[in-house]
Structures are given as C-alpha cells and as structure tokens.
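Asks: Listed here are the chains, written in short residue letters.
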Amino acid sequence: MVKSRTRRRGERGRAASIGLHAGLLAAVAVSLFPVVWLVLTSLKPRDGWLSAELRFFDDPSLDNYTRVLTATAFPQWLLNSVLTAGLSTLLGVFLSASAGYAISRFRFPGHRSVMWLLLITQMFPVAILIVPLYNLMAALGLLNQIPGLVIAYMTIAVPFCAWMMKSYFDSVPIEIDQAGMVDGLTPFGVFWRVVLPLARPGVAVTAFYCFITAWGEVGYATVFMSQQDKRTLGVGLQQFVGRHWSDWGLMTASAVLIAIPAGVVFLLVQRHLVTGLTAGATKA
Amino acid sequence: MAVSTTRPAAPGGRGGGPARARRRDRPGPLRRALSAHWYAWAMVAPVLVVMAVLIGWPLARGLHLSLTDATEANLGRTIGVNVIPATYEFVGLDNYLEILTSALFWDKLGWTVVWTVACVGLHYGIGLGLAVMLNRRMRLRSLYRVLLILPWAVPPFVAAFIWRYLYNSDYGVINGFLALAGLDGVGWLDDPTTAKIAVVAVNVWLGVPFMMVALLGGLQSIPAELYEAAEVDGARPWQRFRAVTLPGLRQVSTTVVLLGTIWTFNMFPVIFLVTGGGPGSETEILVTYAFREAFTGIRNYSGSAAWGVIILAMLVVLAAGYRRTLRRQGDPW
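Protein sequences, first through last, are from chains F and D. Note that the numbering used here has the first sequence beginning at 1, numbered continuously upward. Note that the numbering used here has the second sequence beginning at 1, numbered continuously upward.
Chain F extracted, bound-state conformation (with noise of 0.2 Å):
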C-alpha cells in the first residue's frame, strides 16, 4: 500500500496536469509580455510607436537602431556602463569573497560585529548616504569619474554578497582547507587555490548581482555623473522620455541594447541561480 501511494505522488490527475501548466503559462505571459512588446515596439518603423493598435510585425524595421547607435550619445553611454558594471563586478567578488571566507572559517574577535555590520549596513537607505558621499566624492575629485561611481557602488553590493559568499564557503568541508595547509599552503593560498575554485558557482551568483546592481543603479548616477560624456546608460536614457519630449521608438530600441547583456550574463549564470541563492538566503 505504501508503495503504491508513494509511486502516485510523482503523477498527477489530467485535470491537475492541465491546471499546472496553465498556471504556469499564465505566469510565463505576464513575466514576458512586456519585453515581448518591447522588442516588437523596437522594430517598428520611426513614429510606429505613437499607436497602441496590436499589430505585430506589419513594417518592421531598424531603423530605431540606427538611430540610437549613429545619432545619440548612446555608444559613450553604454561604454561607461560596460567599464562601470566590469570593474563593479570584479570588485565586488574580489572583496566579498575574501570577507565572506574570513567570516565563514575563522572565529576572529569581532567577528560577530562584523556580520551584523554587513546586514545592517543593507538597510541604509540611498537618501542619508548620498549627499556626504557626494561632498566626499567631490573632495577626492571622484565626481563624473568611473571609479568614483564604482566605489559607490561597493556599499550596495558587498554587504549582500558577503553574505551569500559565506554560505557558500560554509558548505565546503573544512576538512579540505585543513588538507590543503598539511600540504603547505598558507591560508591565503588554501583560499586562492583550493577553496575558490570550489565555490565556483557561489561565485557566479556573486558576480551577476554585482553586475545587475552596477548595471542597474540610478540614484547615485544620476547624482554623481552629471557630465554629458560620462553618464551611464541609466542615467542617459532618461533624456529620451523626457516631459517636454519624449521618443519612445529610441528609447524602446535602446532597452533593448540594454537588456541583452544583462540577459546573457543571466543566461550564463541561471542554473547556479537556485542553489547559489538558497545558500545565500538560507542562511543569510
């Protein structure tokens, strides 16, 4: 009797089958439905966007690529980005995983205050830290400057990501760093050596939320890259919509620029997503 009910468990009723999946189908139209109708809105012809008629593909063209990629500042936008998220990510996992190991395997003096300052620290909010980060950025000259942005940018993305780093170093037997000093390595080599390359995938999780808060930031940019040439793509886009005029066909035809290497570093690191993230969650 047991293992009849426990072979039934893995099937289901027809009816049941069909409501799951239609469940999940109705969930998957809503998740996409809106970049589906982006890059439909992309490709239509110049003034195709000032119609909300529900028509697909009649006249597509390219011509909203042209004309973000030749006649915009787009291309100095998206360089900044690219250098702002690259350098954020590799920051970003260079520093929270050092601490994350250093938390998750040595019982040090502070170290409790260390983790509670990393949890708190997530909890500050943009408005009180921004404006004497703007006076400190412009004394030491980091305004409109990448590294300056990319400095900011550690606050957001460290503590959160140390967290995650931890768990997942936490999951790694330490009998394996001990193996690795009986061969002679010191703790910084056991790190580097043995112990990263385990938490591979700890660290792919690490560097896409690095990269999408980079690439997705826009208070402190808005603030802080005030010049012309060295916005990022956050912070520029907003000159396509704005109140007195706005060009949709641009700005739909910019997203998605946008949103394709985002979706590929996510494509690249998805199927780490759900174990990185019950690790970081989990025990956070």
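Be a bit skeptical, because a hint or two may be false.
Which stretches of chain D does chain F cover? Using the computed rule of at least three CB atoms under 8 Å from a CB of chain F, they are [to be verified]:
1) 128-139
2) 151-163
3) 268-280
4) 301-308
5) 315-325
Hints were generated in silico from the structure; no laboratory data involved. For glycine and all other residues, C-beta sits at the position ideal for the given N, C-alpha and C.
Please arrange chain D on chain F, whose structure you already have, making use of the hints.
Replies: Just chain D now, with coordinates in the frame of chain F:
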C-alpha cells in the same frame, strides 16, 4: 544542494558555531590569538575599509548635517580660487521636529507602509505559488523556470521605462487592450489610485523572481521522506502543505521576507522612473521624497539627511523587532 548541514567540523554551521568557537578561543593566550587571527583580519580589512570610508563616514556626516540648517546655499565650496566658507549653523533637533510634525511625513509614511506590505505580500504569495508549481516533476520544467526568472535579468530602470510605455494613456498597450474590448482608456499614471496600483504592479513583476528562486531552493531542501511519512499518516495535500512545506520553508522565508521588506522600503528606481512620484507627490515614498529634497530646487541637505536618519531608524527598529520575535519563537537566526 549546496547547503550541507551534516558537517560537525565546519565552523560556520548555523546554531552551534559561535559556541564552538568560543570554546576554541578560550585556552589561547593573547599572542597566540593575534598570530592566529591576523590573516582573518587581513581578509576582512578591505571590506571594512570600504565600509568605514563609504558608509561610516557619510553616516556620521549625515547625522551631523541633519542637526544643522545646511542647504546648497550655505554649504562651503570653492569656486576657482575663491573659497566660500560654510555658514550653516547647528540647529539641534529642529529638522526632526519639523518633519515629524508635518502632515506630509505621516502621509508619505502611510503610503510607504501600504506599498511595502502590498509588494512584499504579493511577492511572497505569488513567489511561493510559483515555486510550489515548479517544484513538481513535469515536462518543460527548466524552460518554465528560465522564462519566469527572466524579469529579474531586466535591469530595474529598463523595466521601469518599459512599464511607463505600457501604461502610456495614448500609445500604451494596456489601453490598447481596453480599446479592443470596447472600454475607454484609463490615464493610468494621472490618477493617484491607479498610479499607486501601477507602481505596485511594476514592483511585483520585478520582485517575484527573486522570491520564487529563493523559495524554490528552500522547497528542494525539504527531505522527500517527510512528505512520504506525512502521506503514510494519511495527511491530505493541504495538510501536507501546512505541516511539512511551510515549516520547512521557515528559515528561507524569514530571511527573504526581511530582505524584501528592507529592499521594498528603500525601492528607489521604480517610483522615481515610472511615475516620478506623481501625480503631484502622491506615489512618492519616503526614500524618493528625501532624494528629491536633496537634489531639486535649492538643495536642502540637512532636511534630506534628517529624512534619511528617520528612515534608517525605522528600518533598524523593524529589523530588531523582527529578529526578537523570531528568537522568541525559538529560531536561532
């Protein structure tokens, strides 16, 4: 699963970790502790330096500013060779009193609370529903999963712009659908109520994937034996859900709900970019209002710093209270 709870030797395991550590620390004299811990500190140091310089200092400075009457006009600055000294003064708690006695603040606080509760509630409810569905064995499961996580990969500011276009009263596709159904278009972002619904919808769309992924991971770490045992005991599906699934998700849930609350409370781009706080300042939450205070018109630095301190204080109290409740319920978190 990357989470393993069966390693007695690991120092970071939850619960017993600190106690074990204390035992290990006690016998060592100070010098041994120093030589044993220097590399730990060396590894944490970069993070701490970044935090101290970029959060500690601005925080202290923000606290100080919030007690003054500093604005753009009286803050010291250097123009060419001319150094204009700062002329702002210490005004004590005036800024706080002014904010806490203004109707505007309580108004914004009320909406921020509604916004946070609505968003987190929907995030969690929908996320849990989808996670439970995805946790079944079925065809196309991984495809569904990728498609459902996709909104997460769309940067928030891009999503905000997409939705603004969808909501557009003249060219937006939502009104297009309404027209197709023979209904009149709605000025989604022009009316306070619909604008509020609209921003909540955008944030829900953006935030569900994170919840779903985290809860799905939680579901997968619940041992199948528990379900089997419940079934043998004759538990019906709904009873299994309440007696096995929900307790099994507790650890994940507490964390993601707390994180989600903090993130939503401070959610800046959605409101800033979708409605710009409008119509009027109806959809403005505390964070966007403080930002606007600081960076539009004559920049009111002290006022916005005071807003920031108040927001932070509320979040800290919230987190502490939350943690206390969990502790009382016997959660080691």
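Asks: Decide, hint by hint, whether the structure agrees.
Replies: Going through the hints against the structure:
1. 128-139: n = 7 at 8 Å, threshold three: holds.
2. 151-163: holds (count 12)
3. 268-280: holds (count 4)
4. 301-308: holds (count 5)
5. 315-325: holds (count 3)
The structure shown violates none of the earlier numbered hints.
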